[in-house]
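Going down the list, the protein sequences come from chains B and L. For reference, each letter of the first sequence is one residue, going 29 to 350 in the numbering used here. For reference, each letter of the second sequence is one residue, going 29 to 350 in the numbering used here.
Derived by calculation from the structure, the hints in this document are not laboratory data. In this text, all values refer to a predicted model and were calculated from it rather than measured experimentally. One should not assume that every hint holds.
Remember, identical chains collapse to one label, so a pair may be satisfied in a single copy or spanning two.
Unchecked claim - Simulated crosslink set (DSS-like; lysine-lysine; CA at most 27 Å straight-line):
no., residue 1, residue 2
1, K75, K289
2, K179, K150
3, K280, K150
4, K341, K315
5, K280, K235
6, K280, K75
7, K328, K313
Protein chains: 2
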Amino acid sequence: MRALRLENNALVLDQSYPLPKERANHTRVQILHAALNRRDDWILQGKYPNIQPSILGSDGCGVVRSKDSADTDQEVILCPSLHWGENSAFQSPSYTILGMPSDGTFADHCLIPNSLIYPKPKHLSSAQAAALPLAGLTAWRALMTRGQLQKGERVLITGIGGGVSLFAFQLALAAEAEVWVTSSSDLKIDQAIQQGARGGVNYTKEKWNRKLPSFNVIIDGAGGDGFGSLIRNLDMGGRLVFYGGTQGFWPKILPQHLFFKQSSILGSTMGSPQEFSLLCQFITKHKIIPIVDSVFPIDKYQAAFGRLNDPNKMGKVILSFC
Amino acid sequence: MRALRLENNALVLDQSYPLPKERANHTRVQILHAALNRRDDWILQGKYPNIQPSILGSDGCGVVRSKDSADTDQEVILCPSLHWGENSAFQSPSYTILGMPSDGTFADHCLIPNSLIYPKPKHLSSAQAAALPLAGLTAWRALMTRGQLQKGERVLITGIGGGVSLFAFQLALAAEAEVWVTSSSDLKIDQAIQQGARGGVNYTKEKWNRKLPSFNVIIDGAGGDGFGSLIRNLDMGGRLVFYGGTQGFWPKILPQHLFFKQSSILGSTMGSPQEFSLLCQFITKHKIIPIVDSVFPIDKYQAAFGRLNDPNKMGKVILSFC
Chain B
29 MRALRLENNA LVLDQSYPLP KERANHTRVQ ILHAALNRRD DWILQGKYPN IQPSILGSDG
89 CGVVRSKDSA DTDQEVILCP SLHWGENSAF QSPSYTILGM PSDGTFADHC LIPNSLIYPK
149 PKHLSSAQAA ALPLAGLTAW RALMTRGQLQ KGERVLITGI GGGVSLFAFQ LALAAEAEVW
209 VTSSSDLKID QAIQQGARGG VNYTKEKWNR KLPSFNVIID GAGGDGFGSL IRNLDMGGRL
269 VFYGGTQGFW PKILPQHLFF KQSSILGSTM GSPQEFSLLC QFITKHKIIP IVDSVFPIDK
329 YQAAFGRLND PNKMGKVILS FC
Chain L
29 MRALRLENNA LVLDQSYPLP KERANHTRVQ ILHAALNRRD DWILQGKYPN IQPSILGSDG
89 CGVVRSKDSA DTDQEVILCP SLHWGENSAF QSPSYTILGM PSDGTFADHC LIPNSLIYPK
149 PKHLSSAQAA ALPLAGLTAW RALMTRGQLQ KGERVLITGI GGGVSLFAFQ LALAAEAEVW
209 VTSSSDLKID QAIQQGARGG VNYTKEKWNR KLPSFNVIID GAGGDGFGSL IRNLDMGGRL
269 VFYGGTQGFW PKILPQHLFF KQSSILGSTM GSPQEFSLLC QFITKHKIIP IVDSVFPIDK
329 YQAAFGRLND PNKMGKVILS FC
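My request is simple: use the sequences and hints to build the entire structure.
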């Protein structure tokens with residue numbers, strides 16, 4: 029089979045990689061589409077600890093072929109959270125994400141625990157469904173489990189255009205929240221407003237946060253100095269959920285403002301299979317369609333990784349194995 | 029009546045202040061004992077916004093005299109949270125604390141809304157009961173409502189010896205948590221260990237936090253640079269609740285450590301009357317006795333305020349009107 033492997037910190041497209049061997053309580057899924065995540069790029073850049081040779085890829089939509097000709101093949105998506113463990117509040121010590129160290133979805137076939145295989149939402153194409161798992165799950169946990177977003181609340185999604193922030197945006201709209209966005213791109217803000225955002229500001233402009241109202245929930249993946257501005261825009265009882273820190277250190281923060289407001293600053297990463305199931309139900313109920321930026325055939329993987337870092341990207345970058 | 033009034037940012041003990049007038053849905057409570065809080069001292073230092081002439085005092089235990097000679101007098105304690113509002117998650121805009129701007133408990137009589145009057149826990153003396161309200165309520169909300177402390181969890185209480193931290197310590201022990209403490213005083217750490225703490229460290233020593241294990245819950249009222257050390261000692265899914273910031277700004281913080289651990293950093297201040305009721309039930313059920321440092325007759329109020337800032341103080345400083 030074809031497999032996009034990590035070897036000596038570089039990507040190799042192997043045309044004749046051996047099929048994964050059968051294993052108890054696991055199923056071999058034929059991958060139709062897979063999505064790229066920043067994680068894949070960071071692994072390539074050597075930013076992850078204990079990088080091991082493996083097939084990359086955390087997101088996949090594929091087909092489970094029936095063994096009996098009377099059964100029909102089943103289209104499925106894969107939950108990327110391996111060994112989450114028993115406690116819903118946090119992942120176990122043996123937790124890993126599909127695709128390094130275990131072989132991932134950037135291959136014609138992927139072997140995966142049966143408990144992590146879910147039916148593809150029927151309203152989605154295979155490419156759209158492949159866009160869902162990692163970013164959708166991260167957004168679900170951040171917004172719903174940690175942020176406890178309620179109908180009618182006002183929510184700010186920072187850095188609109190990234191995978192997680194776009195899902196948080198779509199989930200929040202479907203949950204009937206009042207949604208605001210930030211971006212460094214006026215175009216992306218305009219697009220978000222056309223899609224239902226109440227408003228947005230360009231965070232490259234001075235005192236940008238003063239143009240925003242106060243929020244019940246803020247979802248941030250950037251951190252950095254901007255984080256100090258965000259906390260000023262928390263309403264009483266507000267929840268600021270952070271799932272990333274691409275801009276690095278938070279600035280110094282004075283606790284008085286925050287405890288008076290009963291603020292909650294909540295770290296969140298990935299999510300459990302149970303949360304993945306809730307996400308799939310919600311996506312299906314509200315007919316949410318993940319935003320696909322572009323689809324590249326697997327042999328054009330270098331162009332796909334190039335697109336991942338293109339500032340004009342809006343939505344997920346997909347690899348096709350069809 | 030006697031009343032310890034704030035006038036031109038100074039305390040005046042008035043010997044013939046008029047009795048508070050009767051008012052619908054309010055009751056006049058004869059104060060037996062009242063407790064000092066840092067808040068009172070900060071008001072004197074001009075650190076509060078909109079300081080107004082008033083009788084100070086947020087904590088009180090007293091007697092409601094029966095109007096009918098057939099009834100017996102009732103010993104009561106007062107919930108210091110006025111106008112909390114409908115939302116349990118945060119206080120309403122009209123929220124105030126008893127004692128500035130409304131007249132407080134440093135007087136022979138105090139007029140208080142009927143809904144904020146609770147029976148004195150029977151196992152407590154009047155002076156012990158007066159020590160409970162503000163610090164106990166703050167500790168309850170921080171530890172139980174915000175921190176969600178569970179039996180068997182490991183909790184760190186910083187700055188043991190202060191009013192809130194001592195209540196958090198007692199509540200956590202009664203909740204069957206494993207309790208650790210920090211202090212600048214080895215003596216206070218030893219006392220805490222004698223009273224049931226598993227261990228403690230002196231935070232004036234270098235790399236003090238490395239001598240501590242990781243915690244499910246941390247309760248902090250100091251902030252400052254030490255806060256950066258505390259978050260390193262959060263366990264997976266840990267909750268760091270902060271109710272103060274006497275040491276000022278938190279240092280710069282890297283978000284990556286925190287979101288991976290699914291950490292929660294939770295601001296907390298005061299508490300609702302509903303939480304006060306839960307606190308009183310818990311104190312009664314577990315026969316918890318608030319720690320009283322010293323009792324001063326009301327005319328020795330200057331000595332009492334001096335004791336409030338004495339680093340050797342351990343527990344609440346009480347004024348007696350008996």
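Status of the hints after comparison with the structure:
no. : hint          : in the structure
1   : K75 <-> K289  : between (36 Å within a copy, 18 Å between copies)
2   : K179 <-> K150 : within (26 Å within a copy, 45 Å between copies)
3   : K280 <-> K150 : neither (48 Å within a copy, 46 Å between copies)
4   : K341 <-> K315 : within (23 Å within a copy, 62 Å between copies)
5   : K280 <-> K235 : both (17 Å within a copy, 20 Å between copies)
6   : K280 <-> K75  : both (26 Å within a copy, 22 Å between copies)
7   : K328 <-> K313 : neither (34 Å within a copy, 69 Å between copies)
Comparing the model with each numbered hint stated earlier shows that hints 3 and 7 do not hold.
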